[in-house]
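With the hints as extra help, turn the sequences into a complete structure.
These protein sequences, in sequence, are chains A and B.
Under this note's numbering, read the first sequence as residues 23 to 273, first letter to last.
Under this note's numbering, read the second sequence as residues 41 to 466, first letter to last.
Worth flagging that the hints you see were computed from the coordinates, not collected in a lab.
Glycine is no exception: its CB is placed at the ideal position from the N, C-alpha and C atoms.
Be aware that a few hints might be false.
[Claimed, not checked] Each pair of labels, with its calculated beta carbon distance range: (1) B:E323 to A:R149: 46 to 54 Å; (2) B:E446 to A:L215: 23 to 31 Å; (3) A:D160 to B:V176: 44 to 52 Å.
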Amino acid sequence: MLEIKNLHVKLEDEDKQILNGLDLTVEAGKVHAIMGPNGSGKSTLSYVLSGRDGYEVTEGSATLEGEDLLEMEPEERAAAGIFLAFQYPVEIPGVGNMTFLRTAMNSQRKARGEEELSAADFLKMVRAKAKDLKIDADMLKRPVNVGFSGGEKKRNEILQMAMLEPKMCILDETDSGLDVDAMKLVAEGVNALRDEGRGFLVITHYQRLLDHIKPDVVHILAGGRIVKTGGPELALEVENNGYAGILAEVS
Amino acid sequence: MALADVKQSATEARLAALSMPEGGCLAASRKAALSRVQTLGLPGRRDEYWKYTRPETLTAAEAPKASVFASDEAPMFNEFDRLQVVFVDGVFDADASDDLSLEGVTIDRIADICAQDIHWAKDLYGVLEARGQSPVARPLAALNTAFAQDGVAIHVTGTPRKPINLVYVHSAEISDAILHHVIRVEAGAEATILENGPAASRFNNCMEVDIADTGKLHLVRAQGRDHERRAVTHMFARLGSESVFKSFSLTVNGILTRNEAVIELLGDDAIAHVAGACVGDGEVHHDDTVFITHDAVNCESRQVFKKVLRNGATGVFQGKILVKKDAQKTDGYQISQALLLDDDSQFLAKPELEIYADDVICSHGSTTGAIDEEALFYLRSRGISTGEATDLLTLAFLAEAVDEVEDREMADAIVARLEGWLSRRR
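Take a look at the structure:
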């Protein structure tokens, strides 16, 4: 599904290398978790994959089902199947949540040469999916993320994911700012989307989220590279010993 | 004080090119207005009030040429049931207009005010304009009162079931339309007036609005997309107790448009909202100049002006709230914002507050900004193209102004128009 090879990334505006030869393959149907200390390059990885400005790829490649992601505009990546659940979802005053969702869905369908969804079908679909995530009609009507609590924002991210049905979901610290109940709700939303044809990359600081979204593979990112890969037990090791122990062991 | 030579000669040249219509019972009002013009002189580049907008083409003896704009769109407000009053190059066209009778309102041409002996109109014509000359002079409005060729007197006595639509049609490449409307809304009465269409190559429009206690008037105006027009409009409004005046203008393009609103809140608990949304692309100059005077207790005023500018367009906002000594409990709000879609466009703003009462709430703000890059990336990351995402954010920016239109269907129609215009320019 997602294949990243020897990825080197620096900041565009300063001479600062963030990723240093990152290799990662996420297979369809699998959930990979990436853990790592602050500044290890976790968020940069998610932004580079989704096409945010400000980063320069100096070496390496990233492909989705064989297609070169790095050559595509952000909207093309989305249509190809990339979805980033933001760590800090953006508030957009004046743009209704429903308008936003519908425009996004139809843009992607158009880009893929599919027919646009009718207003009635869209409504039916959004109502059903919103209900699962305990998103009420009021939240759907309000401007995108405006006045939403931290938990509501993250649920809204998962709603978008559920509606857009991407092939590759990247969750950037989706657990940050969530209480236990909200985290459970979000995790249930994610688990409902687990599917043979879909890959997940879950970026997190803590093991906590991985209690709810059980990963198949866990990677430790440090200094812009994957330094260790293992099963779910690796996340527990981080929880118990911190990153310091693992990093010392690797070096 | 004598006028400067330059101003004197420019004013004389303009006046020489005009002839005053038969005044009848309005003759005295027209002559008084002419003497105001002669005393004040027409605006020139050195006038502070015209610092950001060059008045030359508005004051020149000859109207500049403008090609007649051919639009492939249905006229604005077409989808609404309305009573149309049509003016071609500033002259009433009875054949193109609807039957002017409608329950709750009486509509007459200003030329008929004397013959029909319409007292209220006689007593209003030129009066609010004259009041509006102080503390800031508005000579082009006085010129209008003196020389207006046509216009209507609208007397709202009930609640007409449909809006009155003043439709302006531009026909001759060189046309110099001067229209003057007087509107009186009686106690408890409520009406909506719509204005749209390119009026002429040069248009000077003046509206005097007198709202009695508890009367309500909604005004929705659409200007554009005719690119080559030059227009100056004045809206003078006087509000009685518990009366409501809400005005919204949608402006698209235009070489030169200056919309002045001069509003006096004279009765307690009155409400005045003036709003404008402007989309300018290219050789566009759009000026909103607003002066609101609070002279009664517990009144509310709102000014909400938003402009989206690109490819060298210029936006101007001069907005003032004057709160007189006894206008306690005033609630005044003023916001003017521009969204610049490139580095070539500019927004010039002069917000002013002058407050003499001590128990008031007045807030004002003015901002100039670009598209929010974070928001743009968020939308694009969901598959929305840069163009469509920019349009969404642009409409979102304009929403606060469009929301001032109380009728939701009307507001939706305006948004739909804006969407269409934005997407064709993408």
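Please flag the earlier hints that this structure goes against, numbers listed from lowest up. 2
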